[in-house]
Each structure stands twice: as C-alpha cells, then as structure tokens.
Amino acid sequence: MAIDEDLEKPLMRSREEKTDENGSCNIIIGNGMVYFSTFVAVCGSFQFGSCVGFSAPAQAAIREDLHLSLSQYSMFGSILTIGAMFGAVTSGRIADYIGRKGAMRMSTCFCIIGWIAIYLSKESLALDIGRLLTGYGIGVFSYVVPVFIAEIAPKNLRGGLTTLNQLLIVTGSSVAFLLGTIVTWRTLALTGLVPCTILLVGLLFIPESPRWLAKVGQEKEFLSALQILGGKNADTSAEAAEIQNYIETMESLPKTKLVDLFQGRYIRPLIIGVGLMVFQQFGGINGIGFFVSETFASAGPSVGKVGTIAYACIQVPITVAGVILMDKSGRRPLIMVSAAGTSLGCFLAGASFFLKGRGLLPAFVPVLVVVGVLVWIYIDLFLTSYVEIYIFFSDQALKFIENIDCKSFKEKTMEITQSYGVIIMIIISIYIYFRMLDR
4 MAIDEDLEKP LMRSREEKTD ENGSCNIIIG NGMVYFSTFV AVCGSFQFGS
54 CVGFSAPAQA AIREDLHLSL SQYSMFGSIL TIGAMFGAVT SGRIADYIGR
104 KGAMRMSTCF CIIGWIAIYL SKESLALDIG RLLTGYGIGV FSYVVPVFIA
154 EIAPKNLRGG LTTLNQLLIV TGSSVAFLLG TIVTWRTLAL TGLVPCTILL
204 VGLLFIPESP RWLAKVGQEK EFLSALQILG GKNADTSAEA AEIQNYIETM
254 ESLPKTKLVD LFQGRYIRPL IIGVGLMVFQ QFGGINGIGF FVSETFASAG
304 PSVGKVGTIA YACIQVPITV AGVILMDKSG RRPLIMVSAA GTSLGCFLAG
354 ASFFLKGRGL LPAFVPVLVV VGVLVWIYID LFLTSYVEIY IFFSDQALKF
404 IENIDCKSFK EKTMEITQSY GVIIMIIISI YIYFRMLDR
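To convert, count from 1 in the sequence shown and add 3; that's the working numbering.
The set of hints was computed from the structure by calculation and includes no laboratory data. The C-beta atom is built at its ideal place from N, Cα and C for all residues, glycine as well. Keep in mind that a hint or two might mislead.
Unchecked claim - DSBU-like mimics (lysine-lysine), calculated; alpha carbons at most 35 Å apart, straight line: (1) K235 with K359; (2) K223 with K235; (3) K158 with K218; (4) K235 with K158; (5) K235 with K218; (6) K158 with K223; (7) K359 with K308.
Said to hold, decoys possible - The calculated label-pair distances, taken between Cβ atoms and stated as ranges, are: (8) A63 with G267: 28 to 34 Å; (9) N248 with A354: 55 to 61 Å; (10) V186 with C112: 21 to 27 Å; (11) L364 with T190: 54 to 60 Å; (12) F282 with P365: 42 to 48 Å; (13) L73 with E245: 53 to 59 Å.
Let the sequences and hints guide you as you build the complete structure.
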C-alpha cells in the first residue's frame, strides 16, 4: 500500500545517487550533520547509562558518609525506576508537543537538577529526590533519543545509528562503574553533569527533526532543517515532497485511542512487543545492576572491586559483539540463546549464595558469584539489545507493524512497551527493597 512504500523511503537519499532515465534530479548528500546530530542525541543515552551505573560503585561510600541503612539505600537505588516510568509514559506526548529537541532539553534539565541534589545531599530525602528526577529524565530519553535518530537518519544509516543508543547506554554505565572505583561518590555525581552539558550545548547547533516540523506545520523551519541535514548545496525538494505527502496521508487517517491497541488485528504485535520486554525485565538485570558491587563484595572481600571492574570493562565489547552477531545470525535465534544463557547465569549466582549460606565449598563461592553474575548480566544485556531492536527495527516485527494503517499506533505501542518494561523494573526493585527490610 502507499503508506508502506513511503515508510520504506529514507528521509534523505544516500551519499551518491545519479540522475535516472526519466530525468528526475537525484542528489548527492553528505551525512556530516546527521552524524553530529546523532552524537549530540546519544549524549542522552550516555546520561542514561551514567544514572543506572551510579548506585552500585557508590553504595558503600554513601551509606558510610550519610549513615544510611541498607533499606534506605535500596530505596535510593530503586527509586530511579519510578521516575523512569513516569518519564516513559509522558515521553511521547512531550516529544510531540515541544519537539524532539525540546524533549531532550527538558530531560537534560531534570538530570542536571537531580545530579546537583545528589551532590549536595546530607540525608536520604535529598538523595531520593535527586535520583527520582534523574530517573524521569532518562525515562524521556529512552523514547526521544531513538526516535530523533530514526527521523533524521537516511535509510542506509538508520540501523547502525540507532544501535548507538544501546551502545552509549552501556558505555555510560561502564564509565560510571570505573570512575566509581577511583573517585568519591560526590565527584562521581558531578561527572554526570558532563554529558548533560555537552547535550545542552550541542542542541544549539543541530536542527529539529524535519518530520516533526512538518507534522506541526512549520513549513519554513522544516525546509531549513532538511537543508541543514542534507548539506549546503543539496537539492532536498524530493525529500521535502515525500515527507509532506507522508504527513498529509497520516493526517487523513482516523485518530486512534488507547483502547484501539486491543483490537484483534493488533493483538499479536502488541503481545510480541510488550511480552518480550516484560519477560526480559523479569530476568532481574536492573535489580542486580543497581547493587552489583555490593553483590560481589558479599561473596568475598577479594572479589568486590575486581568483579566491579570486570563488569565495567566487558559491557561495551559484549554489546558490540551482540550487534555484529545480530546481523549475521538473526534476531530470534540469538534471543533464544540469550534467554538460555541468562537462565544459566541466574542459576550459578543463586547456587553460589546457596552454598555460602550452608558453608559448602567456600573456596568456590566467590568464583561462582563472579561468573554467574557476569554471565547473567551480559547475556541479559544481549537480550535487551535483541529485544529492543527485534521489536522496533527487525524485518520480522515490521511485517506486523507496517501493515497497521496508523502511525500513532506505532508510537503508542512503543510508549506502552517501554512503560511496561519500566513497571517490571519497579516491581523487581520493590521486591529487593522489602527483602532488604527483612535483613
């Protein structure tokens, strides 16, 4: 159908195209501004990782300096997910109302205020407020960053550039883990301001998403943004016409409501999207990731810092390997293998603490904990990447999604999928919190 064909067309032509036999003017467009805009946007992804990675290496120092109980610190670590839930739920409307750049700017301000509150905190309330604010910021980032990148990138670059979102998340987390072993927790909080500053400054020099500008009727700004992304001498008239036609087609379609998601023809893609994210989150990666340093330390003093550094160093290579394998081996096989590996890591970690609690094989417990937790986290990290890309970017998922005749359904599905994923994160975090109260 016409809409499907339009969705397959890139926002801009690839770098080298020639005039066709019908005489239509194809253009040569450089992608320098696209790369720079992507770099600025993924600073939000890096910020996401910094927030997630902060609580684990800072746990012992914060509890000692502020005299927090284990349950109070568990609340601090877990409350990030509550803020992220509200951010994910409201992200779509915010991005549509104030634009992609506006949403990123607002999210950055929440993160800056949150980091400052954490840095200046003298007791648990200020810590929790700061953590909640950063959680809200990264919740919005989780939606608007990949959407912005997908809307500015040409089709031949879109897949690679969107994977940078996940890569920069784990990079930010790794950097936070490494820095947390050598600097104080207050200094670590200040380092969270660095990607925020780069993002705020960078937003001054990149264009808004042309598709959003066209959607809200800002004709002049739309053409200007398209020209900036295309290059000074590029002829973007064909791309402008395609986008305008797409927007007009979307506006002619009936508006959808939340209840429309549950129509019979949408049930299968909805179950796939939400189901994969829900069960992936039930793997417990966030509950472990927020407190992984203390988990290693509880297995034995000798593996505390070593395990934390190993966790930080391997994250990025594992994610890169996952992206490469995903294109070579396919999504479904790797999701299935990753799920099996996550189960194995979970079993090893659980078995190690079972043995420790009964005083069995004490020499092997630290090794089993490190191996089990690392396998658990890294395979689950693989699974996270595959699930997100399988849902939103793989051909299998698009066979379902592209047959749907309304773009707003796609946006609502993406928001709901992310929101349910965060809700499961909250459930896991609350469970850990109450377990801590029992200790």
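* **Unsatisfied constraints (hint numbers, rising)** => 1, 8, 11, 12
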